[in-house]
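> Read off the chains here:
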Amino acid sequence: MADNNTVVKKIATREAYGNALAEFGGDERIVVLDADLSKSTKTDTFKKKYPERFFNMGIAEANMMSVAAGLASCGKIVFASTFAVFAALRTCEQIRNSIGYPRLNVKIGATHAGISVGEDGASHQAVEDIGVIRSIPNMTVICPADAVETRHAVKAAIEHDGPVYLRLGRLVVPVLFDESNYKFELGKGIVLKEGSDVTVIATGLMVHEAVKAGEMLEAEGINSRIIDIHTIKPIDKELIIKAAKETGAIVTAEEGNVYGGLGSAVAEVVAENYPVPVKYVAIMDRFGKSGKPAPLMKEYGLTAEDIVAKVKEAMKMKK
Amino acid sequence: MDNSNVVLDKQKLKQFKKIATTIRKHIIEEVYHAASGHPGGSLSCTDILTVLYFHEMRVDVRNPQWPDRDRFVLSKGHCAPALYATLAEKGFFPAEELPKFRSIDSFLQGHPSMKDVPGVDMSTGSLGQGFSASVGMALAGKLDKKDYRVYVLLGDGELEEGQVWEASMAAAHYKLDNLTAFLDHNGLQIDGKITDVMSPEPVVEKFAAFGWNTIVINAHDYEQIIDAISKAKNVKGKPTIIIAESIKGKGVSFMENEAGWHGTAPNKEQRDIAIAELDAFLAKLEVE
Ligand SMILES: Cc1ncc(C[n+]2csc(CCOP(=O)(O)OP(=O)(O)O)c2C)c(N)n1
Ligand SMILES: [Mg+2]
Numbered sequence: 029m030a031d032n033n034t035v036v037k038k039i040a041t042r043e044a045y046g047n048a049l050a051e052f053g054g055d056e057r058i059v060v061l062d063a064d065l066s067k068s069t070k071t072d073t074f075k076k077k078y079p080e081r082f083f084n085m086g087i088a089e090a091n092m093m094s095v096a097a098g099l100a101s102c103g104k105i106v107f108a109s110t111f112a113v114f115a116a117l118r119t120c121e122q123i124r125n126s127i128g129y130p131r132l133n134v135k136i137g138a139t140h141a142g143i144s145v146g147e148d149g150a151s152h153q154a155v156e157d158i159g160v161i162r163s164i165p166n167m168t169v170i171c172p173a174d175a176v177e178t179r180h181a182v183k184a185a186i187e188h189d190g191p192v193y194l195r196l197g198r199l200v201v202p203v204l205f206d207e208s209n210y211k212f213e214l215g216k217g218i219v220l221k222e223g224s225d226v227t228v229i230a231t232g233l234m235v236h237e238a239v240k241a242g243e244m245l246e247a248e249g250i251n252s253r254i255i256d257i258h259t260i261k262p263i264d265k266e267l268i269i270k271a272a273k274e275t276g277a278i279v280t281a282e283e284g285n286v287y288g289g290l291g292s293a294v295a296e297v298v299a300e301n302y303p304v305p306v307k308y309v310a311i312m313d314r315f316g317k318s319g320k321p322a323p324l325m326k327e328y329g330l331t332a333e334d335i336v337a338k339v340k341e342a343m344k345m346k347k
Numbered sequence: 014m015d016n017s018n019v020v021l022d023k024q025k026l027k028q029f030k031k032i033a034t035t036i037r038k039h040i041i042e043e044v045y046h047a048a049s050g051h052p053g054g055s056l057s058c059t060d061i062l063t064v065l066y067f068h069e070m071r072v073d074v075r076n077p078q079w080p081d082r083d084r085f086v087l088s089k090g091h092c093a094p095a096l097y098a099t100l101a102e103k104g105f106f107p108a109e110e111l112p113k114f115r116s117i118d119s120f121l122q123g124h125p126s127m128k129d130v131p132g133v134d135m136s137t138g139s140l141g142q143g144f145s146a147s148v149g150m151a152l153a154g155k156l157d158k159k160d161y162r163v164y165v166l167l168g169d170g171e172l173e174e175g176q177v178w179e180a181s182m183a184a185a186h187y188k189l190d191n192l193t194a195f196l197d198h199n200g201l202q203i204d205g206k207i208t209d210v211m212s213p214e215p216v217v218e219k220f221a222a223f224g225w226n227t228i229v230i231n232a233h234d235y236e237q238i239i240d241a242i243s244k245a246k247n248v249k250g251k252p253t254i255i256i257a258e259s260i261k262g263k264g265v266s267f268m269e270n271e272a273g274w275h276g277t278a279p280n281k282e283q284r285d286i287a288i289a290e291l292d293a294f295l296a297k298l299e300v301e
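Sequence order for the protein chains is A and B. First residue of the first sequence: 29, per the numbering used here; consecutive thereafter. First residue of the second sequence: 14, per the numbering used here; consecutive thereafter.
Chain B on its own, in the form it takes in the complex (with noise of 0.2 Å):
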């Protein structure tokens, strides 16, 4: 793992923890009153979330489609539970609706809607897809010579899609250091580990190969993550990707790494003790 240059201090660190374990909370409430949804990679981008949305990105929640924001793209859109928990926070809309997710009166498909739901910069859910679009959207920023950036984040699983290695070489080819990417690399697909069902590695030699900068990191570590935006922001024609080191289902003890929570949702029970976790850990938050 690269070391990181940055130290938040204590207050900021705690700032992150608390909006990230809100997120969480509202990721299981989102899904346990869905009865269905993807808890367990919503649980394992939740910090990079944190860190894009209340540090680095560059957005108008009063103008959700000013032309000069920076863009993020969930390229893994079936954790679109995250992103809304984290766009409600933000103040994109109002977090009452996040109850309402996958229901017929509301707003929050099942998948990202760039048409429905705002603050979302891509409808995304057919994964290797957003991955383009992202190209798509940095490209746009160097034609018109603009300097936002352009943030895109995808699944381990994911990488198994060909058109997620058409991106690659298309983003190198055009040199689009506006771009980064984000790989939530927690080990884990529908039907259990990427390295059994169909093993994209090793993914930071491909990567490098297809002639990306490289930079890996733990993904729940706030100070790291900022560190590697900030580099990535400083390599010239080049993308860069953050290869994040993640737990699927982390804070939540029982959905961590078990891939039976890709997709599943928890009964009330399990909801009780999900939400008695996070906010056992917020109290203890409050102590420090």
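The following block holds chain A by itself, in its conformation from the complex (with noise of 0.2 Å):
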């Protein structure tokens, strides 16, 4: 992790997409696609480097979906961005029948998820999207929590043969991580604090709240894990076996909705394995609204107070 003195940077990991685009782009069979929010979900960077492998395609994700679909037979190497919850939601069927079922090589870059969105209120905050687009067959999910963690998921993504929902945030988040000792797995979650009390499971934005949390944690006595989940699907079964055995209670963190997100991921891993409490911090099943991001993810409880707080309800519950 980043050294706690140097002072915070922030980037929003679409920026970091856009970036990670650019850096890797110079691979020949790199496509990418847009529907007219290129200078928002950043796949502008890219076009700025490469336009001759840069196609916007419109006010039209539908189409996008199926056709990036097409040029993954033909062997290339597709990102297709655009608000995730047009790209989740409006094209859901597009990404299981064209791309999903076929499992071609086409990588979804969903920028603007959760509510961190802010002002653009709820019809521009995708809440469901990790629940829907987990429940399709073949589809590799990734939240990223920061800029370099974004960086080492493109990567993978272009290494990974197969479909992949990138979930990212417009919102700028501090750098966690550090590049120069950061490793990336897919599939794999990162421990960012060993504990043995209880565990913290977090992905995107609301890793840095759980290590917010943590410190808070830490200073009342209780020794928390916190663990960074980047790959949604495949998740990590063996980590969260791990945590469950260790430290007996598990508290999730996501800004997403409550169903079938992160916090349904993880708690169908422990319920089928090793049975302990689970607490989610998530949205309580409802919609976003407009407002600034931080009033909102303190509305929607969506901090490291939240998180604390949903840690001692678990630890009661621990037998």
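Hints in this document: simulated from the structure, not taken from any laboratory. The C-beta atom is built at its ideal place from N, Cα and C for all residues, glycine as well. Keep in mind that the hints are not guaranteed to be accurate.
Computed footprint of chain A on chain B; a stretch qualifies when at least three of its residues, placed anywhere within it, have a C-beta under 8 Å from a C-beta of chain A [what the hints assert, rightly or not]:
hint : segment
1    : 123-132
2    : 139-146
3    : 154-165
4    : 170-180
If you follow the hints, you should be able to join the two separate chains into one complex; please do so.
Written as structure tokens, this is what we have:
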């Protein structure tokens, strides 16, 4: 992790996504598609460097996803980007039938996920996408926590032969990881802090909140294990079962609806393998709304303080 | 209808008729054995598939994944019986597999699956998506500066899908002259006439307005199909759609122009009549 003494840099994961596409875009097989949002999804960073391999498909997302499938069937590694709400929901069936079923090499760069989108409001805040995409066979789902992790996730997506959904954010978030010693392994979680009383499993921008919660808990004498799950599918079963066995209680934290997301994925593993209490920090089955991201996160119960509260509830339930 | 410049000699014409009739027989058998599936639209596009696979397309049955091959996307994927029969006759897999269509121990899925069936270039079944995928393939061909051509077959009811028009826009915008679409204009969809359910007409004017070159032909006239394909190949800077006026259920008297045969399998008696009609046609060909 990054040194605490240095001033924390803040970069949005969508920004890191655009940079990574440009950085790794030298591979001639890579083609990038966008649906009139390239300035927001940051695919324009790739477009500037490799204009001949960038195609704007216009405001026609369904077509974009199936075009991506056609390109992939001819050997291309295709990144198709739009806002998560349109990618996962408007084109859900295109992703299922054109991409997932034939297991084609399409990477969906879904930006503006979650309520941290802010002012645009509920129509533009995908809260359902993890659950929806996770339930499609053959799909890999990655939700990076910061810019460093995003860079590595893009690289892993390029190397992985098959469809990938990359869940990215609009908001600038602190850079947690240090590029020099960061290691990304698809499907493997990262233990950010060891602990024996309870485990907090977080994804995306909630990883930062989980780290803060870990420090707050330590101050209260609670020794928590903090895990970053960047790959929600396939999920790191081994690490989750180990945490259940060794700490006896789990709290999950994600910026999405409580149904179907990371919390559900973790609970599925725990229930089947080693039942222990699981508490969720997530959006409690409601739509988002307009506002500045920070107060929204507070109102929706997505802060370090909320994690601390849930940790205490989970620990009370421990046998 | 546009005039054809192609005149086939008698032998060649007879050969097309024989292959197409054999494919039609396979279609009836596939759907009969599966006791489900879509005979009507399969029979209406048979002659187009026959010309594509037995005259036009550059494919290699021993190497179905050959990167330089021409591609075909059956965007109206419910007509898999026609595609499978054509691929089997071409030699991609043995025709003995065809009666196992839709059964649990066969690779012949109810709708085309590129990961299961040799020769299938795109998984389809959800209307509208295959057309977009063909646009992606044509785009890849342009990017790689390859000379392969991409063919796609659409249903006229399928035109009601918004995604079709998104794809039409994209194909014209990116000047995909390596893409040739066929419209199986049989006038019927599941619930009846396309003009009663939700009219996509006038289709020629619509595609022209979307920037496509349009050619209108008789879907059951081999000379016109061949001629239209070669005209399409010579058009530069825009994609071509061949609007093929067809008869749904073509070749089986009681299935012709009947919306009810869209997705209904014949029973034993109906199957026997259909096969007898097609056999009689084959026998007549021999003495011609
Ligand atoms: C997206 C989608 N919606 C509905 C269907 C169900 N469906 C299968 S065939 C069909 C009618 C198609 O009519 P048309 O395109 O005219 O085909 P043809 O007459 O050539 O058989 C429908 C509605 C489907 N396969 N995909
Ligand atoms: Mg029709």
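> Enumerate the violated hints, using their earlier numbering and listing them in ascending order.
Nothing - there is no hint that the structure violates, so all of them hold.
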